[in-house]
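Enquirer: In case you want the letters, here they are:
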Amino acid sequence: MFKKILIANRGNIAVNIIRACREIGIDTVTVFSDVDKESIHVRYADKAYFLGKAKYQEDYTRKDRILQIAQEEKVDAIHPGFGFLAQSREFMSECKELGITVIGEEPDKLIEFMDKVRTKEIAKELKIPVVEGKVIESLEDLDSMKPPFLIKPIFGFAGRGMHYVENNSEKEKIYKMALKEAEFIYGDKSIYAEEYIKKAYLIEVCVVGNGKDYKCLPTIDSSLRRKFQKIISECPAEYIDLKIRKKIMDYAKKLAKKLEISNMGTFEFLVDGKKIYFLEFNSRLPVSYTVLEMLTGFNLIKEQINISAGNKMQVEEIALDKIKGNAFECRIHSEDYFNRFKPSTGVIENLIIPGGKDVRVEFDYFNGDEVSSYYDSQVARILVKALHRNEMINKIRWVLEGTKISGIPSTLPFIYNVVNTKLFESGKIVSDFITHIMRERRFKKVREKGYVA
Amino acid sequence: MNYKMIIDNRDKFKVYLKENADLNFSNEVKVNGKEHNVEFVNFDRHGNIRSVFIDNKYYDVEIEKGPDGIPENIVIDGQKYPVQFTRVGRDRFIVKQEARVKSGKIVALIPGKVINLMVKTGDQVNEGDLVLLLEAMKMENEIAAPRSGVVKQILVDENDNVEKGQVMVVIE
Numbered sequence: 001m002f003k004k005i006l007i008a009n010r011g012n013i014a015v016n017i018i019r020a021c022r023e024i025g026i027d028t029v030t031v032f033s034d035v036d037k038e039s040i041h042v043r044y045a046d047k048a049y050f051l052g053k054a055k056y057q058e059d060y061t062r063k064d065r066i067l068q069i070a071q072e073e074k075v076d077a078i079h080p081g082f083g084f085l086a087q088s089r090e091f092m093s094e095c096k097e098l099g100i101t102v103i104g105e106e107p108d109k110l111i112e113f114m115d116k117v118r119t120k121e122i123a124k125e126l127k128i129p130v131v132e133g134k135v136i137e138s139l140e141d142l143d144s145m146k147p148p149f150l151i152k153p154i155f156g157f158a159g160r161g162m163h164y165v166e167n168n169s170e171k172e173k174i175y176k177m178a179l180k181e182a183e184f185i186y187g188d189k190s191i192y193a194e195e196y197i198k199k200a201y202l203i204e205v206c207v208v209g210n211g212k213d214y215k216c217l218p219t220i221d222s223s224l225r226r227k228f229q230k231i232i233s234e235c236p237a238e239y240i241d242l243k244i245r246k247k248i249m250d251y252a253k254k255l256a257k258k259l260e261i262s263n264m265g266t267f268e269f270l271v272d273g274k275k276i277y278f279l280e281f282n283s284r285l286p287v288s289y290t291v292l293e294m295l296t297g298f299n300l301i302k303e304q305i306n307i308s309a310g311n312k313m314q315v316e317e318i319a320l321d322k323i324k325g326n327a328f329e330c331r332i333h334s335e336d337y338f339n340r341f342k343p344s345t346g347v348i349e350n351l352i353i354p355g356g357k358d359v360r361v362e363f364d365y366f367n368g369d370e371v372s373s374y375y376d377s378q379v380a381r382i383l384v385k386a387l388h389r390n391e392m393i394n395k396i397r398w399v400l401e402g403t404k405i406s407g408i409p410s411t412l413p414f415i416y417n418v419v420n421t422k423l424f425e426s427g428k429i430v431s432d433f434i435t436h437i438m439r440e441r442r443f444k445k446v447r448e449k450g451y452v453a
Numbered sequence: 001m002n003y004k005m006i007i008d009n010r011d012k013f014k015v016y017l018k019e020n021a022d023l024n025f026s027n028e029v030k031v032n033g034k035e036h037n038v039e040f041v042n043f044d045r046h047g048n049i050r051s052v053f054i055d056n057k058y059y060d061v062e063i064e065k066g067p068d069g070i071p072e073n074i075v076i077d078g079q080k081y082p083v084q085f086t087r088v089g090r091d092r093f094i095v096k097q098e099a100r101v102k103s104g105k106i107v108a109l110i111p112g113k114v115i116n117l118m119v120k121t122g123d124q125v126n127e128g129d130l131v132l133l134l135e136a137m138k139m140e141n142e143i144a145a146p147r148s149g150v151v152k153q154i155l156v157d158e159n160d161n162v163e164k165g166q167v168m169v170v171i172e
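Chains R and S supply the protein sequences, listed in that same order.
Yeah, the first sequence ends on 453 if you go by our numbering, and it's all consecutive.
Yeah, the second sequence ends on 172 if you go by our numbering, and it's all consecutive.
Next comes chain R alone, as it looks inside the complex (with noise of 0.2 Å):
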């Protein structure tokens, strides 16, 4: 087992990172950058180091110096969590030279699964239906493309850089415009257009292996997302047709299998009726990690540690008929909700989140923290389980009823209506409910001020 790891991430992800090696008995290094100085995972960390200055990128995507400092504290390992550098080419190539382990996917593996075209073609190999797409190389390519479609940056990831092309008029702009985008957070112009289904169940599976068992962990439906960032998950979703699950997690299955996977992948879906196809697969756990660990009762970041240190694969697979139990998880942002979603900044005066049997909360934040424009504008997220699912629905209730977030305008009020809604109740939210639930009276108030998408 590694004795020592590295941490190349910020807020709960790093901490919970922390949290699985200190439970292992690994000691931690991390990492911050001027805004981040008192944050919450360098209280947590064996050690910390500076790093620079947010407001000039020296942070958390600084590879030399985050090298350096693995090579000065002789680390075994290096997480790099998600974002930042954990979808960085050069820096999986860089550590593979100095023969650092990172955490996840194999390097070669990894840069080879960035390419969303390339895993979607293979999928069709495995007569996996997919979600039609193709690249774009010219403003002439788009023309074959029958709007509403999208386009996404062919190496993206965390659902930005993706626009919508309502119609042919605004094609030339938003094309522009994405290839712009895709250099700017990605580094890299490629992109592709994809179809876009209106109405659809965006299903997550994670699987995880070691190139030659594989573990397939039960459904997470995220369907609901605001500027395509996930808002609420619910794991398993029983109100998806069991046989459609299965078929899912087989799908999710059977492309682990075909790709080898090395450690942890996710899997996406659509479900529009009774009709599967697969949208995208990104080499890492997914971001709703949290709510699989709720229902199933594994640590997924431990599981990746052991994976990656060469141990035993200690999850189990659960047949979904077996499964006890659901499982939610909301995410709390610093965003105005009566005010168009507005980003906002400033010192979180205090948390208030109950606790009780089965609720999980996970704060990015302590009070007196503040939230600054550097980095994304998770505050924490609140998790619940119960038996059934009306029990789950009414334990979500009263733990936001209970919940008090001050000095900073959030995304509370929204999701405390969200879970209220009849839709919500009867398992119907899909990826159109923004701008569905729009017109219901209790958003009216984001509905006066206009809303953008």
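Honestly, I wouldn't trust all of these hints.
For each label pair, taking beta carbons as the anchor points, the in silico distance ranges come out as [unchecked claim]:
no., chain 1, residue 1, chain 2, residue 2, range
1, S, Gln153, R, Lys247, 52 to 62 Å
2, R, Glu140, S, Gly128, 22 to 32 Å
3, S, Asp77, R, Glu391, 35 to 45 Å
4, R, Gln57, S, Gly128, 48 to 58 Å
5, S, Arg100, R, Glu166, 26 to 36 Å
6, S, Gln153, R, Lys47, 29 to 39 Å
7, R, Gly355, S, Gln153, 50 to 60 Å
8, S, Glu98, R, Gln57, 30 to 40 Å
9, S, Glu127, R, Lys146, 49 to 59 Å
Far from chain R, by Cβ distances over 10 Å, these chain S residues were calculated [as the list claims (entries may be wrong)]:
no., residue
10, Asn73
11, Ile115
12, Met137
13, Val167
Derived SDA-like pairs (lysine to any residue); straight-line CA-CA distance at most 20 Å [claimed, not checked]:
no., chain 1, residue 1, chain 2, residue 2
14, R, Lys173, S, Ile143
15, R, Lys134, R, Pro148
16, S, Lys113, R, Phe184
17, R, Lys171, S, Val125
18, R, Lys180, S, Val15
19, R, Lys180, R, Leu139
20, R, Lys342, S, Val75
21, S, Lys113, R, Tyr56
22, S, Lys113, R, Lys96
23, R, Lys180, S, Glu140
24, R, Lys274, R, Gly355
25, R, Lys324, R, Lys395
26, R, Lys180, S, Leu130
27, R, Lys96, R, Arg65
28, R, Lys404, R, Gly355
29, R, Lys342, S, Val167
Hints listed in this document are in silico derivations from the structure and should not be mistaken for laboratory results.
From the three backbone atoms N, C-alpha and C, an ideal C-beta is built for every residue, glycine too.
Based on the hints, put chain S in the right spot on chain R.
Expert: Using the frame of chain R, we list chain S on its own:
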């Protein structure tokens, strides 16, 4: 925000609550200009206030709301008082917003980085047209023209870091 409050149909009060404050933790409350220390200590399961400390004195409170959610009666220590609660003046936020629209200045409301400038000096823009993309909080924020007009000045370049309150584009 300022409110006018009439209790028992006769006693009138001017009430001030700090803007944007979460009502449940509003620590800045002024009544007729005098500041009071208010702490809400107890809620029922629907999130309604049950008891409150005002200037370190304890009160049992129950608020009876009308169909539109506006308080109609307040029961304090068992005694019921009918109340009328009206907002005075306009939201400062909206006033500021209107002034901004009128001036035609596009100001960064949050520090960030300009990714994409979509207009050049002399361009005709309509209200709501995309002017630029600003990266902040790991998101691309679409900044639209607050009003129709001609782009008079562009004060930033792509990849520039901007501070909160910095004027980026002027539309005339």
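Enquirer: Give a verdict on every hint.
Expert: To see whether the hints hold, each was checked on the structure:
| no. | hint | in the structure |
| --- | --- | --- |
| 1 | S:Gln153 <-> R:Lys247: 52 to 62 Å | 58 Å, holds |
| 2 | R:Glu140 <-> S:Gly128: 22 to 32 Å | 29 Å, holds |
| 3 | S:Asp77 <-> R:Glu391: 35 to 45 Å | 37 Å, holds |
| 4 | R:Gln57 <-> S:Gly128: 48 to 58 Å | 31 Å, violated |
| 5 | S:Arg100 <-> R:Glu166: 26 to 36 Å | 28 Å, holds |
| 6 | S:Gln153 <-> R:Lys47: 29 to 39 Å | 49 Å, violated |
| 7 | R:Gly355 <-> S:Gln153: 50 to 60 Å | 54 Å, holds |
| 8 | S:Glu98 <-> R:Gln57: 30 to 40 Å | 36 Å, holds |
| 9 | S:Glu127 <-> R:Lys146: 49 to 59 Å | 30 Å, violated |
| 10 | Asn73 | 22 Å, holds |
| 11 | Ile115 | 5 Å, violated |
| 12 | Met137 | 4 Å, violated |
| 13 | Val167 | 18 Å, holds |
| 14 | R:Lys173 <-> S:Ile143 | 15 Å, holds |
| 15 | R:Lys134 <-> R:Pro148 | 15 Å, holds |
| 16 | S:Lys113 <-> R:Phe184 | 11 Å, holds |
| 17 | R:Lys171 <-> S:Val125 | 18 Å, holds |
| 18 | R:Lys180 <-> S:Val15 | 50 Å, violated |
| 19 | R:Lys180 <-> R:Leu139 | 14 Å, holds |
| 20 | R:Lys342 <-> S:Val75 | 37 Å, violated |
| 21 | S:Lys113 <-> R:Tyr56 | 10 Å, holds |
| 22 | S:Lys113 <-> R:Lys96 | 32 Å, violated |
| 23 | R:Lys180 <-> S:Glu140 | 12 Å, holds |
| 24 | R:Lys274 <-> R:Gly355 | 39 Å, violated |
| 25 | R:Lys324 <-> R:Lys395 | 17 Å, holds |
| 26 | R:Lys180 <-> S:Leu130 | 15 Å, holds |
| 27 | R:Lys96 <-> R:Arg65 | 16 Å, holds |
| 28 | R:Lys404 <-> R:Gly355 | 13 Å, holds |
| 29 | R:Lys342 <-> S:Val167 | 18 Å, holds |
When the structure is compared with the earlier hints, violations turn up for hints 4, 6, 9, 11, 12, 18, 20, 22, 24 and for no others.
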